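Please construct the entire structure, taking both the sequences and the accompanying hints into account.
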Amino acid sequence: MYTPPAFREDDQAEIVAIMRSARLPILVSAGDAGLIATHLPLIHDAEPAPHGRLIGHVARANPQWHALRAGAAAMAIFQAHDFYVSPNWYATKRETGRVVPTWNYEAVHAYGTVEIIEAAEPLRAIVSRLTDRHEAAEARPWHVEDAPPDYIASQLKGIVGVVVTITRIVAKRKLSQNRPEADRRGVIAALEAAGQTEPADLMLGLENAADRPGPEPIPQRRE
302 MYTPPAFRED DQAEIVAIMR SARLPILVSA GDAGLIATHL PLIHDAEPAP HGRLIGHVAR
362 ANPQWHALRA GAAAMAIFQA HDFYVSPNWY ATKRETGRVV PTWNYEAVHA YGTVEIIEAA
422 EPLRAIVSRL TDRHEAAEAR PWHVEDAPPD YIASQLKGIV GVVVTITRIV AKRKLSQNRP
482 EADRRGVIAA LEAAGQTEPA DLMLGLENAA DRPGPEPIPQ RRE
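Using the working numbering, you'd call the opening residue of the sequence shown number 302 and step up by one each time.
These aren't lab readings, by the way, just hints derived from the structure by calculation. None of the values given here were measured: they were computed from a predicted structure. Keep in mind that the hints are not guaranteed to be accurate.
If you anchor each label on the Cβ, the simulated ranges turn out as follows [said to hold, decoys possible]: (1) Ala-448 / Ala-490: 47 to 55 angstroms; (2) Arg-370 / Ala-491: 44 to 52 angstroms; (3) Glu-446 / Asp-333: 37 to 45 angstroms; (4) Ala-491 / Gly-372: 43 to 51 angstroms; (5) His-340 / Tyr-303: 19 to 27 angstroms; (6) Ala-490 / Glu-422: 50 to 58 angstroms; (7) Ala-494 / Gly-459: 42 to 50 angstroms; (8) Arg-361 / Arg-469: 24 to 32 angstroms; (9) Gln-497 / Glu-396: 23 to 31 angstroms; (10) Asp-451 / Glu-419: 13 to 21 angstroms; (11) Ala-437 / His-340: 15 to 23 angstroms.
Virtual Cβ for every residue (Gly too), placed ideally from N, Cα, C.
Structure follows, in structure tokens:
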């Protein structure tokens, strides 16, 4: 992932927050069969240090797990918030007109080694953790134990677990850090006016503008 210094994120807490905010990550592998990608929920565990591991499952009929078990290189892609930025929001547009549209976003690419889980009990534990996490907001959360045991046993036969021990992470928070403060304030104001409070709050939460790198050369590169 192309990551200029102004957008690089190294803070582990921010990286984990992005991974946990991503609703449906993408697991990509590159093996003898070429590139394969699967959209799937993943849980992040802090251990083992320094980056932790990712836990999920795929359908047994999905050929990707065979490639992963054979040692295919793997990466998981997480994207949290993203939003379009119009040149109309920049003070620089009114001053010089030398502006172009762009897209702001937060993303993490996590690379690692993969273990495939086929045993019933570890698989059940994976499914239970994923279910409990995503049912937590329900008034009456559904639990794996709510279904008949024989039905769950049959369903587990149709999946395999995937555990990615993360060896390297590249994280990016592209939130207009490369723009002058007046431009940033214009973006925040436009987002707030449109009711997009989450991305506006993200930008407001960044460090003081005086500590940020200066603007990139114009015209800007689109990401």
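Among all the numbered hints in the text so far, which are the ones the structure does not match?
-> none
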